[in-house]
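Visitor: Here is how the chains run, residue by residue.
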Amino acid sequence: MTRPPRVLVVDDEPLLVSALIRTLARIGCEGIGAHDGLEALARVRDEPPIDLVLCDVRMPNMDGPTLLKELRALGAAMPFVFLTGYGDHSDAELRAMGAVAVCGKPTPASILRDVVRTLLETAGGV
Amino acid sequence: MSKTREFLDNLTHEQLLDRLSLALDGAALGIWDWDLRDDSVQFDRRWCEMLGLAHASTPMVLQTWSDRVHPDDVDGCYRDIQAHLRGDAPHYENVHRMLHADGEWRYILDRGRISGWDESGKPIRFTGTHLDITESERARLKLQSHQRELVGMIEHLPTAVALFDRSVRYLAASAQWLRSRGCPPDYRGRGFYELEPQMHERWRVVHRRALEGEVLEGDEDAVVQSDGSSRWYRWSVRPWRTGDDVAGIVIGFDDVSPTVLARRAREEEARAKLAALALFAGGVAHEINTPLQIVSLEAELLQAALAELHADPETLAALRRSSHVIATTTARAAAIANALRTLARDSSKDPEEPVSVSALFLHADALCRARCESQGIALSFHDPHRAVASGRPAEVLHILTNLLDNAIQAAATGDRWVRVEAEAREDVVVFRCIDGGPGIAERDRARLGTPFFTTRPPGKGNGLGLALVRHLVERGRGVLRFPTERPTTFEVELPIAEKPIAETAVAVGPVEEG
Numbered sequence: 001m002t003r004p005p006r007v008l009v010v011d012d013e014p015l016l017v018s019a020l021i022r023t024l025a026r027i028g029c030e031g032i033g034a035h036d037g038l039e040a041l042a043r044v045r046d047e048p049p050i051d052l053v054l055c056d057v058r059m060p061n062m063d064g065p066t067l068l069k070e071l072r073a074l075g076a077a078m079p080f081v082f083l084t085g086y087g088d089h090s091d092a093e094l095r096a097m098g099a100v101a102v103c104g105k106p107t108p109a110s111i112l113r114d115v116v117r118t119l120l121e122t123a124g125g126v
Numbered sequence: 001m002s003k004t005r006e007f008l009d010n011l012t013h014e015q016l017l018d019r020l021s022l023a024l025d026g027a028a029l030g031i032w033d034w035d036l037r038d039d040s041v042q043f044d045r046r047w048c049e050m051l052g053l054a055h056a057s058t059p060m061v062l063q064t065w066s067d068r069v070h071p072d073d074v075d076g077c078y079r080d081i082q083a084h085l086r087g088d089a090p091h092y093e094n095v096h097r098m099l100h101a102d103g104e105w106r107y108i109l110d111r112g113r114i115s116g117w118d119e120s121g122k123p124i125r126f127t128g129t130h131l132d133i134t135e136s137e138r139a140r141l142k143l144q145s146h147q148r149e150l151v152g153m154i155e156h157l158p159t160a161v162a163l164f165d166r167s168v169r170y171l172a173a174s175a176q177w178l179r180s181r182g183c184p185p186d187y188r189g190r191g192f193y194e195l196e197p198q199m200h201e202r203w204r205v206v207h208r209r210a211l212e213g214e215v216l217e218g219d220e221d222a223v224v225q226s227d228g229s230s231r232w233y234r235w236s237v238r239p240w241r242t243g244d245d246v247a248g249i250v251i252g253f254d255d256v257s258p259t260v261l262a263r264r265a266r267e268e269e270a271r272a273k274l275a276a277l278a279l280f281a282g283g284v285a286h287e288i289n290t291p292l293q294i295v296s297l298e299a300e301l302l303q304a305a306l307a308e309l310h311a312d313p314e315t316l317a318a319l320r321r322s323s324h325v326i327a328t329t330t331a332r333a334a335a336i337a338n339a340l341r342t343l344a345r346d347s348s349k350d351p352e353e354p355v356s357v358s359a360l361f362l363h364a365d366a367l368c369r370a371r372c373e374s375q376g377i378a379l380s381f382h383d384p385h386r387a388v389a390s391g392r393p394a395e396v397l398h399i400l401t402n403l404l405d406n407a408i409q410a411a412a413t414g415d416r417w418v419r420v421e422a423e424a425r426e427d428v429v430v431f432r433c434i435d436g437g438p439g440i441a442e443r444d445r446a447r448l449g450t451p452f453f454t455t456r457p458p459g460k461g462n463g464l465g466l467a468l469v470r471h472l473v474e475r476g477r478g479v480l481r482f483p484t485e486r487p488t489t490f491e492v493e494l495p496i497a498e499k500p501i502a503e504t505a506v507a508v509g510p511v512e513e514g
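Residue numbers (the numbering used here), protein chains in the order written: chain A, 1 to 126; chain B, 1 to 514.
Some hints here could point you the wrong way.
Said to hold, decoys possible - Reference listing, derived: stretches of chain A covered by chain B, where coverage requires no fewer than 3 residues with Cβ under 8 Å from a Cβ of chain B:
{"id": "1", "segment": "27-39"}
{"id": "2", "segment": "100-108"}
As the list claims (entries may be wrong) - Sample of chain A residues lacking proximity to chain B, with all beta carbon distances greater than 10 Å (derived):
{"id": "3", "residue": "Arg45"}
{"id": "4", "residue": "Glu47"}
{"id": "5", "residue": "Pro60"}
{"id": "6", "residue": "Asn61"}
{"id": "7", "residue": "Thr66"}
{"id": "8", "residue": "Lys69"}
{"id": "9", "residue": "Glu70"}
{"id": "10", "residue": "Arg72"}
{"id": "11", "residue": "Ala73"}
{"id": "12", "residue": "Leu74"}
{"id": "13", "residue": "Ala76"}
{"id": "14", "residue": "Gly85"}
{"id": "15", "residue": "Ala92"}
Since the hints were derived computationally from the structure, they do not count as laboratory data. A quick note: this is a predicted structure, and the numbers were derived from the prediction, not measured. Heads up, the beta-carbon is just placed ideally off N, CA and C, and yes, glycines get one too.
Using the sequences plus the hints, can you model the full thing?
Guide: Right under this line is the structure:
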């Protein structure tokens with residue numbers, strides 16, 4: 001494969017989006033930032049292909065679970081990872097919604113990279 | 001004619017009197033012989049001696065007797081005498097007290113009858129005997145007063161108690177029993193089931209078992225009332241015996257509803273307080289999670305950048321040390337925030353899921369490490385089987401941190417070490433929390449896990465930790481075992497996970513790197 005894997009990073013905290021994009025860059029991923037579910041949905045439509053979504057749960061305009069539902073409705077089947085700081089949903093609930101992994105905030109960079117790399121390899125995208 | 005009669009008939013008058021005297025001596029009877037015409041009375045020697053009087057110097061007049069009769073009894077004597085004289089009674093009989101020469105009262109059984117009439121048929125002679133029954137009368141009175149006291153005690157017992165015979169018929173009952181069961185005044189001798197035909201079969205079984213010698217008790221049995229509310233009773237049904245045989249049963253009960261309701265209210269209040277506190281702590285943890293995630297990532301990026309930076313060695317070393325401290329401290333803060341977040345979750349509706357013991361231990365370590373280090377307590381975790389239990393992560397963590405909290409407190413006053421172990425068995429994961437503390441006093445063991453029981457000084461513990469642990473363990477289909485000897489070991493058994501955690505769908509917690 002010639003192009004680097006593209007990871008959509010969705011969080012309403014710009015500093016975190018920025019740090020995540022730079023962290024993923026260290027394993028050769030191209031990070032694309034979005035600050036809520038609506039913006040993320042637009043990115044998936046306008047800038048395909050997206051190989052993985054790393055997404056916050058609670059966000060203004062459109063939250064993580066809704067984004068996941070919308071994406072699946074669009075037929076977008078890329079791996080979806082929740083990065084959550086809230087206790088509203090249990091990890092099991094979030095997985096039941098269709099997320100392949102749930103990372104609690106804060107998760108160390110090394111583990112985030114491991115999870116992303118493993119999922120991209122499993123999906124055969126790299 | 002019988003031989004005896006023949007023998008007596010052949011005796012002389014003196015011989016007969018002698019025989020009579022012997023008989024009266026044997027029966028301890030004193031004789032009086034009253035002449036109604038002049039109130040002179042012939043008292044015999046035994047009559048006088050019975051009252052400590054010398055026969056020779058005793059005036060043979062009625063006053064000798066009447067002066068010595070207890071003032072309260074004298075009217076009764078005359079009444080009974082009149083009754084016989086009138087012909088209303090076949091003979092005279094009366095028990096009265098008489099003053100002995102030693103100053104004590106004697107109980108005298110006095111019996112007599114008319115023994116002579118004048119020509120007109122008017123009684124002129126009245127003859128009878130005295131018998132000293134002081135001892136048996138005292139015994140009878142003592143028995144009577146004991147009985148009164150016992151009956152009084154049963155009646156006034158501040159609880160509902162009743163005594164039944166083998167056929168479950170009433171023998172005695174306390175006033176509280178009679179009131180609460182609505183017994184009629186003639187309850188004695190009537191059947192329990194006759195008076196309460198609606199009684200549930202379960203109680204009849206309990207009564208039968210008690211009649212077979214068993215003691216049956218309940219601490220806090222809820223009984224639904226006709227208005228739908230519940231009341232709680234403490235009760236006991238036990239046999240009572242005469243010799244070795246069960247003579248019947250004793251049933252007692254107390255309405256403990258006020259105590260139970262008050263305790264429930266206190267528990268509920270404490271739970272609400274705890275939940276509010278957890279919610280607040282959880283809220284704080286949520287708020288700092290995102291900033292912590294940013295710091296954590298930036299610290300790591302900083303370290304990466306420093307690895308490629310060319311500068312003078314001293315500056316480089318200082319920068320690296322700083323970035324390392326930022327990274328490790330962030331990891332520690334992250335672990336605390338994460339553990340708080342897990343603790344604060346209302347997990348009661350969560351499904352059970354596999355709980356990795358190693359992740360659990362990391363959480364617990366993050367919450368307790370600093371406290372242990374500041375008190376010089378060696379804290380160690382051992383998970384040789386890489387065990388995976390089944391439960392609700394927040395609840396399992398709650399169980400462990402509560403046990404650890406107690407262990408650390410104990411270790412601080414004894415040998416300063418705390419060890420946490422997990423052992424995977426066939427169906428269960430066994431957690432052990434062991435401390436080097438001074439152990440738990442024998443008298444306290446029975447009350448461990450009772451809400452609000454604490455050995456800590458005021459303000460240091462609310463007595464809820466272990467009660468909560470027990471509650472959570474039981475909800476998680478587990479078993480909590482209390483320590484019996486040193487070193488103090490609390491053991492918790494939880495179900496083992498059926499399937500191991502899937503490789504990719506892993507819930508990643510904050511795990512320290514390296």
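Visitor: So, for every hint listed, does it hold in this structure?
Guide: Quick rundown of the hints versus the structure:
no.: 1; hint: 27-39; in the structure: violated (count 0)
no.: 2; hint: 100-108; in the structure: holds (count 9)
no.: 3; hint: Arg45; in the structure: 27 Å, holds
no.: 4; hint: Glu47; in the structure: 23 Å, holds
no.: 5; hint: Pro60; in the structure: 14 Å, holds
no.: 6; hint: Asn61; in the structure: 17 Å, holds
no.: 7; hint: Thr66; in the structure: 20 Å, holds
no.: 8; hint: Lys69; in the structure: 19 Å, holds
no.: 9; hint: Glu70; in the structure: 22 Å, holds
no.: 10; hint: Arg72; in the structure: 17 Å, holds
no.: 11; hint: Ala73; in the structure: 22 Å, holds
no.: 12; hint: Leu74; in the structure: 23 Å, holds
no.: 13; hint: Ala76; in the structure: 19 Å, holds
no.: 14; hint: Gly85; in the structure: 3 Å, violated
no.: 15; hint: Ala92; in the structure: 5 Å, violated
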